[in-house]
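These protein sequences, in sequence, are chains A and F.
Okay, so the first sequence: first residue is 1 according to the numbering used here, each after it adds one.
Okay, so the second sequence: first residue is 249 according to the numbering used here, each after it adds one.
Any given hint might turn out to be false.
Covered stretches of chain F, as calculated for chain A (at least 3 residues, CB under 8 Å) [to be verified]: (1) 275 to 282; (2) 477 to 489; (3) 522 to 530; (4) 534 to 547.
By construction, these hints were calculated from the structure, which means they are not laboratory data.
Glycine included, C-beta positions come from ideal geometry on N, C-alpha and C.
Read off the chains here:
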Amino acid sequence: MKVLVPVKRVLDYNVKPRVKADGTGVDLANVKMSMNPFDEIAVEEAIRLKDKGVTEIVVVSIGEQKAQETLRTALAMGADRAILVTSEEKVEPLGVAKILAKIVEEEQPALVILGKQAIDDDNNQTGQMLAGLLGWGQGTFASKVELGDGTVTVTREVDGGLETDSFPLPAIVTTDLRLNEPRYASLPNIMKAKSKPMAQKTAADYGVDVTPRLKTLKVVEPGKRQAGIKVADVDELVTKLHAMGIAR
Amino acid sequence: MTGNLKTLVWVEHDGTAVKDATLAAVTAASRLGEVHLLVAGQGVDGVAQAAAKIAGVGKVHVADDAAYAHALAENVAPLVVELMGHHDAFVAPSTTTGKNVAPRVAALLDVMQISDILSVESDDTFTRPIYAGNAIATVQSSDAKKVITVRGTAFDKAATEGGSGVVEAVASQGDTGKSRFVGAEIAENARPELTSAKIIVSGGRALGSGEQFHALIDPLADKLGAGVGASRAAVDAGYAPNDYQVGQTGKIVAPEVYIAVGISGAIQHLAGMKDSKVIVAINKDEDAPIFQVADIGLVGDLFKIVPELTGKL
Ligand SMILES: Cc1cc2nc3c(=O)[nH]c(=O)nc-3n(C[C@H](O)[C@H](O)[C@H](O)COP(=O)(O)OP(=O)(O)OC[C@H]3O[C@@H](n4cnc5c(N)ncnc54)[C@H](O)[C@@H]3O)c2cc1C
Ligand SMILES: Nc1ncnc2c1ncn2[C@@H]1O[C@H](COP(=O)(O)O)[C@@H](O)[C@H]1O
Chain A
1 MKVLVPVKRV LDYNVKPRVK ADGTGVDLAN VKMSMNPFDE IAVEEAIRLK DKGVTEIVVV
61 SIGEQKAQET LRTALAMGAD RAILVTSEEK VEPLGVAKIL AKIVEEEQPA LVILGKQAID
121 DDNNQTGQML AGLLGWGQGT FASKVELGDG TVTVTREVDG GLETDSFPLP AIVTTDLRLN
181 EPRYASLPNI MKAKSKPMAQ KTAADYGVDV TPRLKTLKVV EPGKRQAGIK VADVDELVTK
241 LHAMGIAR
Chain F
249 MTGNLKTLVW VEHDGTAVKD ATLAAVTAAS RLGEVHLLVA GQGVDGVAQA AAKIAGVGKV
309 HVADDAAYAH ALAENVAPLV VELMGHHDAF VAPSTTTGKN VAPRVAALLD VMQISDILSV
369 ESDDTFTRPI YAGNAIATVQ SSDAKKVITV RGTAFDKAAT EGGSGVVEAV ASQGDTGKSR
429 FVGAEIAENA RPELTSAKII VSGGRALGSG EQFHALIDPL ADKLGAGVGA SRAAVDAGYA
489 PNDYQVGQTG KIVAPEVYIA VGISGAIQHL AGMKDSKVIV AINKDEDAPI FQVADIGLVG
549 DLFKIVPELT GKL
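Isolated chain A, as found in the complex:
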């Protein structure tokens, strides 16, 4: 059984984003880029399912040429094969989902595991869109994934707690933070990953129109909070809280 894992190259989560002075976006020049953390969790989950009937893991990234670094990371973690789809233009979740739907047609995976959210644009859309386009079930925000006989059962992190749903295969899963702790690639595995296959494609190869539907008119910094005061002890804190009308 084959699993497809889409991975996105994003600004590393430890880097503080800086808005460009001309208001066109966030500065990505000369800053550390990494695999979207939720996608690391997705790759890790696919690897863990290898003991449970998964035979091949294919990773896909859509973006610029440099996304191949991200794919190599996934290969070093334990994925088997990679597909890089390059595009000059930034591809929105709808376009990404359409390209992924074409790849699914070709590859026929039983499961596609995505991150729940890319931490750059914070869209939280692609997995649900892909499921809609394919007419598949969607186990979103997963904190537990169990493969059964022709089904996948997913425990989902929802607002009030946890919900468990079951989906016939093939299906979509999107990962939440508590699903697993991704491994670090070992040096030998990083070396081995260099010779794993990576196919190069373009968005045009799939006949998908990726013209953006959303135009970014401007990007600004949010209003800054002023740092306030420090109080010396609990008594002073209580006085301040009381002055604000709290716990009176």
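With chain A's structure known, arrange chain F with the ligands on it following the hints.
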């Protein structure tokens, strides 16, 4: 500003009452134009009646069927798509249900969703946070129909009384068989819900264990009538359940007062609480980033401070 669009708003409910998140979505939708609601579920008569009373609501579409009992996206999306035949915009609150359903609807309508809007600038232009709220983008949609999710803290809540919507039943689209509800562990919580609490006390990794988290945070929250939140680190370590997580990838809150106890203030945490009116931070490290956003900071050991504070309030 009120536009000319006919909007369909997803009503988030628990089977008996309309959830607060819906009310912010109604306010956002009313900026676009006429507001219609969709109540989907099983045995949701009461919810529909309550929804019809929300101020400014025109029509309430009610789909009452077992297929909608758990708001499974696979079943709900075709229903929404059907109704979107005569609406211009689908508006859902940024709840886990809204986030699950809306993108599926968007894909079926061939529309790019606008996630988590902070404001309506015109009927095609919106602002939204990106990079954990470290940047705010203004985006313009060229799609004929709009699919939007709404950040609850960014809009006032519509009044729950004063409306006189017309309730209308809509036919079920049936069960697609693409998903099945197995069960849920929904915490019974006597405390205020995080997204609508006026005061929140949140605990971080520093609490050290689930026992200490409850022993220290709960009494303080009870004294204040506050909701209880947590950092990711505290949730990951099992000190608090997942639905307590505040942050970029957890809940977005903006209470009158947010008290952060033993939380460092990583950008992913700040993303979820920095719009709180007053932020109080208790941390033993005077250089902790949380103090850069805190209105009132107290440097010291939480194991001493918190019990003393609870006692003196
Ligand atoms: C993709 C991604 C998404 C994320 N999403 C979220 C999210 O939604 N929400 C979130 O919160 N985090 C999120 N994080 C995690 C975030 O980066 C931080 O790791 C996390 O917020 C840290 O939690 P903390 O402040 O409790 O722990 P720490 O950073 O370990 O801070 C503990 C603090 O407690 C203080 N302390 C220790 N002992 C005491 C004492 N006795 N008395 C007083 N103070 C003490 C320390 O000085 C320190 O400042 C995310 C990370 C990633 C990669
Ligand atoms: N350009 C991309 N290439 C590969 N995967 C992507 C891309 N964009 C989004 N994804 C996948 O979709 C998930 C959700 O992203 P988003 O909907 O943009 O928040 C990510 O965690 C990835 O798994």
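Hint by hint, which ones does this structure get wrong, listed from lowest number up? Number 1 only.
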